[in-house]
Amino acid sequence: MKQNGFLLFLLAVCVGVSLAAGSLAIYTSAADVSAVYAGTHSFDLNAAVSVDVRPTVGPAAAASYPFEVSGSSLVGQPGAVDMTVFFGSTQALDEAPGLYAALVETTGGDRRVLKTVTSGDLLYEEACAFEAGDGVRTFEIELSYLPGAQSAGIARLAACQLFVTGTPHVES
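Residue numbers for the sequence shown follow the UniProt record's numbering, so the first one is 1 and each next one is one higher.
Since the hints were derived computationally from the structure, they do not count as laboratory data. One should not assume that every hint holds.
[Unchecked claim] Cross-link-like lysine to aspartate or glutamate pairs, in silico, EDC-like; alpha carbons within 20 angstroms at most:
#, residue 1, residue 2
1, Lys115, Glu105
2, Lys115, Glu171
3, Lys115, Glu126
4, Lys115, Asp82
5, Lys115, Glu140
6, Lys115, Glu125
7, Lys115, Asp94
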């Protein structure tokens with residue numbers, strides 16, 4: 001009986017250490033994002049899809065979630081398409097004061113910050129983002145601490161949702 005209790009204690013310690021290190025994947029349908037995340041998710045403007053992202057940000061390193069948006073399924077459709085990018089969760093950024101989220105376009109190797117928020121959700125809307133049949137644009141959601149922010153160490157945010165959608169452009 002003593003041996004079983006010790007084994008259960010040892011198992012609990014291993015799971016606790018693994019969770020603290022961020023290496024135990026409990027939700028397989030989500031992406032755990034840290035400074036070393038290397039995957040790229042693809043979105044098509046004609047098929048709205050969302051993905052859950054669980055960011056982990058250290059005090060000295062930014063975490064980024066790269067993704068690409070394609071308008072290739074729009075070939076043959078007339079007119080331009082507006083794009084909306086949503087990233088956030090209820091008070092996700094408020095959980096870690098001094099943390100910001102930025103939407104950065106990286107198409108063609110250039111880095112262009114499109115929007116930055118320090119609280120609430122990131123909502124970016126772009127009119128005429130794609131003409132019918134346009135190629136692929138690449139982006140990333142970057143999470144980091146503001147310069148001079150007093151970080152309390154590693155921030156593991158609650159699950160955030162990344163959602164990209166397109167709608168036909170209407171002139172007003």
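Going back to the hint list, which numbers does this structure go against? 2
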